[in-house]
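Asks: Now for the letters of each chain:
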Amino acid sequence: MATTTLNVNGNDYVVDVSPDTPLLWVLRDNLGLTGTKYGCGEGLCGACTVHLDGEPTRSCTLPVSDAAGKKITTIEGLASSSNQALHKAWLDEEVSQCGYCQPGILMVAAALMAKKPNPTDVEIDEALDSNLCRCGTYGRVRRAIHRAAANSGGAK
Amino acid sequence: MSEHEHTCIRHVSRRDFMKIVPAAAAGLAIGVYLEDPGPIHADNTSFEPNGFVAIDTNDDVLIWTARSEMGQGVRTALPAIVADELGADWNRVKIVPAAFDPKYGDQSTGGSMSVRTCWDRLRKAGATARELLIEAFCQQNKVDRKDCVADNGYIMHVPSGKRASFGQLATFAAALPLPKDVQLKDPKQFKLIGKSLPRVDSPEKLTGAAKFGIDVRVPGMMFATVARCAIHGGKVASFDSTDALKIPGVKHVFEIARGVAVVAENTWAAIKGREALKVTWNDGGHANDSSDTLRQQFKTLTATTQQAFRKEGEVEDALASSGRKIEAVYEVPFIAHAPLEPPVCIAWVQKDRCEIWAPTQIPAWTFGVARGITGLPAEKIKINIPLLGGGFGRKAFPGEVEEAVQISKKLEAPVQVVWTRDDDLQHDYFRPASYHVSQGTLAQDGKPSAWLHRFSSTPIQTALDPKSKTPEALELGGAVDLPYLIPNIAVEYAPAVSALPRGWLRSVEHTFNGFVVEAFIDELASAAGRDPLEYRLELLLPARTVKSGETTFDTGRLANVLRLAAEKAGWGKRKLGPGRGMGIACHFSFYSYVAQVAEVAVEKNGAIKVERVTCAVDCGRVVNPDGVRQQIEGGIIYALSAALKHEITVKGGRVEQSNWHDYDILHMSETPQIDVHLVQSELPPTGIGEPTFPPVAPAVANAVFAATGKRVRKLPIRL
Numbered sequence: 006m007a008t009t010t011l012n013v014n015g016n017d018y019v020v021d022v023s024p025d026t027p028l029l030w031v032l033r034d035n036l037g038l039t040g041t042k043y044g045c046g047e048g049l050c051g052a053c054t055v056h057l058d059g060e061p062t063r064s065c066t067l068p069v070s071d072a073a074g075k076k077i078t079t080i081e082g083l084a085s086s087s088n089q090a091l092h093k094a095w096l097d098e099e100v101s102q103c104g105y106c107q108p109g110i111l112m113v114a115a116a117l118m119a120k121k122p123n124p125t126d127v128e129i130d131e132a133l134d135s136n137l138c139r140c141g142t143y144g145r146v147r148r149a150i151h152r153a154a155a156n157s158g159g160a161k
Numbered sequence: 000m001s002e003h004e005h006t007c008i009r010h011v012s013r014r015d016f017m018k019i020v021p022a023a024a025a026g027l028a029i030g031v032y033l034e035d036p037g038p039i040h041a042d043n044t045s046f047e048p049n050g051f052v053a054i055d056t057n058d059d060v061l062i063w064t065a066r067s068e069m070g071q072g073v074r075t076a077l078p079a080i081v082a083d084e085l086g087a088d089w090n091r092v093k094i095v096p097a098a099f100d101p102k103y104g105d106q107s108t109g110g111s112m113s114v115r116t117c118w119d120r121l122r123k124a125g126a127t128a129r130e131l132l133i134e135a136f137c138q139q140n141k142v143d144r145k146d147c148v149a150d151n152g153y154i155m156h157v158p159s160g161k162r163a164s165f166g167q168l169a170t171f172a173a174a175l176p177l178p179k180d181v182q183l184k185d186p187k188q189f190k191l192i193g194k195s196l197p198r199v200d201s202p203e204k205l206t207g208a209a210k211f212g213i214d215v216r217v218p219g220m221m222f223a224t225v226a227r228c229a230i231h232g233g234k235v236a237s238f239d240s241t242d243a244l245k246i247p248g249v250k251h252v253f254e255i256a257r258g259v260a261v262v263a264e265n266t267w268a269a270i271k272g273r274e275a276l277k278v279t280w281n282d283g284g285h286a287n288d289s290s291d292t293l294r295q296q297f298k299t300l301t302a303t304t305q306q307a308f309r310k311e312g313e314v315e316d317a318l319a320s321s322g323r324k325i326e327a328v329y330e331v332p333f334i335a336h337a338p339l340e341p342p343v344c345i346a347w348v349q350k351d352r353c354e355i356w357a358p359t360q361i362p363a364w365t366f367g368v369a370r371g372i373t374g375l376p377a378e379k380i381k382i383n384i385p386l387l388g389g390g391f392g393r394k395a396f397p398g399e400v401e402e403a404v405q406i407s408k409k410l411e412a413p414v415q416v417v418w419t420r421d422d423d424l425q426h427d428y429f430r431p432a433s434y435h436v437s438q439g440t441l442a443q444d445g446k447p448s449a450w451l452h453r454f455s456s457t458p459i460q461t462a463l464d465p466k467s468k469t470p471e472a473l474e475l476g477g478a479v480d481l482p483y484l485i486p487n488i489a490v491e492y493a494p495a496v497s498a499l500p501r502g503w504l505r506s507v508e509h510t511f512n513g514f515v516v517e518a519f520i521d522e523l524a525s526a527a528g529r530d531p532l533e534y535r536l537e538l539l540l541p542a543r544t545v546k547s548g549e550t551t552f553d554t555g556r557l558a559n560v561l562r563l564a565a566e567k568a569g570w571g572k573r574k575l576g577p578g579r580g581m582g583i584a585c586h587f588s589f590y591s592y593v594a595q596v597a598e599v600a601v602e603k604n605g606a607i608k609v610e611r612v613t614c615a616v617d618c619g620r621v622v623n624p625d626g627v628r629q630q631i632e633g634g635i636i637y638a639l640s641a642a643l644k645h646e647i648t649v650k651g652g653r654v655e656q657s658n659w660h661d662y663d664i665l666h667m668s669e670t671p672q673i674d675v676h677l678v679q680s681e682l683p684p685t686g687i688g689e690p691t692f693p694p695v696a697p698a699v700a701n702a703v704f705a706a707t708g709k710r711v712r713k714l715p716i717r718l
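Respectively, the protein sequence lines represent chains P and B. Going letter by letter, the first sequence gives residues 6 to 161 in my numbering. Going letter by letter, the second sequence gives residues 0 to 718 in my numbering.
Same shape as in the complex, but just chain B (with noise of 0.2 Å):
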């Protein structure tokens, strides 16, 4: 996923737009889209287009929209950008959502990045349309440029009051050359921009018309489930089908790479052949991890010094000097995605063509996937995009890609491969399980002189190459750009092993180093007896920029949104009676500033009910308010499940958890009260499907010592 996409535009011919959208309407007249000189994909093709418009002589305005529709409202955010430069009609704009093509350029949705990294090639693209539409408007009606507007679908010349529709202009306007450097609108004029504009895939969703990945039907289609060796890292040694195929309606059985595939009329009868099938297994050697000796493994690592990846000052002088020191473990367990809707992908390969239908996050990733095993060229390789019920960052994982094409391949018919949900939850690619030692010191005045950050982690990135060497890529962040002014800094990074697959989950690494940094600043602070809230403001005021990752970001403004979400909360105003407190955490991530105070009751049984949550955020500029406050909310109760409930276990090489009894999620009557506050911004939006994760973990373990003077220091939090 390309960070730095370089964007110029290019206006087609009607009949070269046609030949790249072949679902364009028939009165198409102008068609611009944004050429992407990257990122290179799987084919290598560095032609890639990255945002259409199309307008439509009946007035229509077409915009495609290229990223995963999972509930995040990219299909209602992105058009709007578009729809806004253009001044079109919201009620004469069609949403396309896009299938995938190199062509679009990247349209990998995760990184909470869709509405951060789209907006300004958005923005031009309306923007170019605009100016067409305009320049045609002045050339029929000889009037000049500065005297005219775009609005609400019309070009008027303000003077006179003439205008003219979109529409009437549109095939004049697509024979006129492109113009160059196009102005973007004035903020202060927008429209649908910072508007909570209603979700376009709402109504369908409320009927049973909205296809998910698991809904999508091909004549002829077969329905197929795989055994999969329950020990990760484990092997087909050998199976028998006899019992499996007598299963009514089970048609095929045989090996895949992953398993045992058995195929089916439907669905049923392939869970059922699937539990008469009889597999021996070849346990890999791995039959006896667990998660204590993965336990004993993080112990070792961590027991000395490892490599460090921020050093600043000192840090081992600070902690052997004479002031107070501060020693705490922190564990945090594998976790699993979940999204509602199992993993699932049907697939069609034909001889000479393949068609795949995949709620997928990674369209590339499938089409590599689809063409490294049918070996057809690129361009007999299709891949369609269903709605995803829930993605969460799994959905970016190919499995039952790879899945459903080998048994398809083999077959030469239509399979849809579906997980259920104890496969899911058993072979998903897993949140990293970690630990972390991390040690403090206090100067005179209280104040941190030194900061210890040891741990260790399954890392993400040996899991998609085992032969990385990079293997901490994907765990420092949140951890390595600490935000507090401290003297002496060691963040120190050691890789363990595990034969679990693990991939990125909402917020990935952010998940497990916010919870750390954020609980420990907090045991610093009541070491030093001082206020979470002043003590963390000291330690970021006054403002310093700090290095993130590709980025940097400004403690002043994550210390504005600690104030704002501490001033909503009634921080220190308001008396809670016994066995309930507050906790607070920040925490900036995917480019986004946050805080929340977490207010909870602690039962006399040590049950932990969060009551509140208040969470305050600077995501620059907000394009849809509301939807920006369903992802707050929605991230908020899912960082909650995993606060609460979640915990991935291995025995014997096996996970032990198989559906929502053993795996459980925050439930209705659990759901606490939260209160939103966003933080007005001019500058550009920046990202809000993960960045309110981490926050969450830290406010409530914080605030359950608030509340009863334990600091629970292990993942899920309890007593």
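One chain only, chain P, in its complex shape (with noise of 0.2 Å):
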């Protein structure tokens, strides 16, 4: 066990874990972040995605140690504007069916949307191609990014 201090959503947090243990069990088992999600636990379906300094990284295979003096952005804490745009995209696509795999696409779909305002489909595609859903919802979460685009003024 070591003590590792983080930064996530603004917040300072030590806590004291093995270093090796990946930093989605830390954000979930520890800080009670729950909206970052296990589905594959080897960095292969996205749903643990979440922010370290802006880039989408999953946090599944991430050791604690290495996300330590960065900051951290969860689901919890994708509060920005241009999120706020992203949020209600997704509600007029109706694009969760589950909802498990959102926060993970969330968070690839906002870091995309912070690179490039209006999106194609061919990077909608390769942004999100290795997020997996299971319910099927991606034309809906291609659609819902296009919206948001055009609603926060992408697509001027």
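Just so you know, these hints were derived from the structure itself, not from any lab. Please note: incorrect hints may appear among the correct ones.
[What the hints assert, rightly or not] Which chain P residues face chain B? A few, computed with CB under 7 Å, are given here:
#, residue
1, THR8
2, VAL19
3, TRP30
4, CYS50
5, GLU81
6, LEU96
7, CYS106
8, GLN107
9, LEU137
Every value quoted in this text rests on a predicted model; they were computed, and no experiment measured them. Idealized CB from N, CA, C, for every residue including glycine.
Join the two chains into one complex using the hints; note that each chain is given alone, in its own frame.
Replies: Set out below in structure tokens:
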């Protein structure tokens, strides 16, 4: 066990865990931030995606020691204006079914739109192609991103 | 799960209602529930109210949903039915997810039956509450019932325009006797039914606030994994916990019925502890089981005549006659449900009580398991049902519940059992594997004169009950109810033996029988030199009634969706380039009619890309059109993963797949355009979660044939 300081959603937390513990489990089991999901433990499905210094990162394969000193944003902390546009578009397109994969998809979508405010279908596919959704919401995810882009003026 | 529940409505006093539903609002004045005398549950209770609506003096309308929300939208669709009949203001409706209680009646969520089986009952519940409110208004204002309407949370006397809100009337209405034989609304007056209401569970799913089973936290809770024998049918011989207990955070290692439990302070320690655990397994004599040995078994079983479950005319004679004979063998593998949230369960067993948090489709089964293991009286067991991160049939089964209850009972502490993805893929209750011999003969006019479908599968029924005398019970749907008019038909079935657990997966046996029937009819059409659409229509029309399990269906409605899908897809009208093709298929299941046209592009290296699926559905009256579209889109994508990618294989008694890298699902870039067309209908609503699955694989396989001239008879579809 070792003490690690994590900055999550703007707050500092000190946790005492094995340094090899994936960030995912520290978020969920130590910090009670259960919005970040477990789906495979091998970085294959994207349900566990968080932002590390703004970059979408798979938290299920990231040792907590590698997250120390970085700004971690989880789905609970995703509240910038562009993300409000995403939330609204997600509701307007009725994207979610079971909803379990959506936090990870939203984290990737938010990071994509931060870089490309008006992404093409190809860019959306590239960004989200390894985010798996078992309910099959892909088509609506694509539409919601376009809608969010249009609503936040990205489609100028 | 009962298909035929009798309903009568009871009115309860506030005091009694509070006993039944302790979470009810403080100002609650009216409670109406539906009493259901069957089915009999684990504890043989016969008193089973089935749906609740309550009206608060503050104008809130509370509606309980007693079905699990796993993404299919029941928390929106079911209350909308009640609210519409009631004349409620949808903005004042509060949806209360029900915990498990036999008083709610059958809470099982599966078989695409939530809206279908609740439709009448929920309408009656809403109408009963409405009539109570109107009666209260009439008595208070000395006006006639016929002049009053309920709308948007008010009762109004139309001639005078005088009105009172539901909340103002609730206390008076609560003292009135229940009306008998309430009049249901004229469907023309529906305001919520038929409208795409926003899903009530959507907002919390975007912020991380939604609590799925895996997210539930109970104070003092520990986390557990279970080491299970990789060889199905094997058991623990011995284990050494020394190294596992050295992992920081691991607290307990002990044997339970299914394997060895590793209990820790957090999930990661439970995972690492299990990796460090040394277990010696007894293989139970299954170390040589494999997909190959199963295939041999299938071949032997289908080589000779088997028990016929549908027999019309003389198939053997017809097949032996001089007509042109076509024969094909179809193979369909085991597949896993793989919901994105893996199986999980929290149990907290104390000396005198037990509480469970299970994202389950069948809370009554969870309850039965908890009761069996703890021996506690029924009233001391509480089952909470958080959101399910996908279900697809997997979360009907109680493996993780059993494990959690056993572990918690030993430790007398709350424990969450988590299945990792490899646990899920290797120890699922798999969709059965099957093997089908199809034979047909064409008459001179090209129409089939004989149809033999002889098949074998690893039945679900014998996995649930090894002593079952009806192993075919969950295998025949979609095969015995062949919709096509053919004079000589035989559908024969023989069960095979396998140590793999099996269970119902979205569309159950229709997943394989739909593929075989629709692929083989396509083969007969091309052997006859006929257009696959025209050929099907000729064998479906004029409309007939075909028996299908407990129900019957109308081949005219099936022909109708076929024509609709074909027309919308541009069947026979559009020129497709080289390497491209369209395939068509239709299927009746879960009381609904579905037809699909798949359009594929096959690359030179044999890679198959499904570019578009046009889907026509007749599922009776549509309660929530966008919700239905979600289910159709999702069902098609789920089925495409199965058609193009999924195969669970067995070697040395073990499942070979372990994670998404070798059990891949459809990705965003592989998702086709999906066009959905709903048939407008006044008939009662029927299933939608499952019936879009069966036509997908045959439509794609038939399209691959159109594109390449090659028949693919083995799933997943590969060239």
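Asks: Hint by hint, note whether the structure agrees.
Replies: Hints, one by one, checked against the model:
1. THR8: 13 Å, violated
2. VAL19: 16 Å, violated
3. TRP30: 4 Å, holds
4. CYS50: Nearest chain B Cβ about 6 Å off; hint holds.
5. GLU81: 4 Å, holds
6. LEU96: Holds, because the Cβ-Cβ distance from P:LEU96 to chain B comes to roughly 6 Å (cut-off 7 Å).
7. CYS106: 5 Å, holds
8. GLN107: 6 Å, holds
9. LEU137: 6 Å, holds
When held up to the earlier numbered hints, the structure conflicts with 1 and 2 and fits the remainder.
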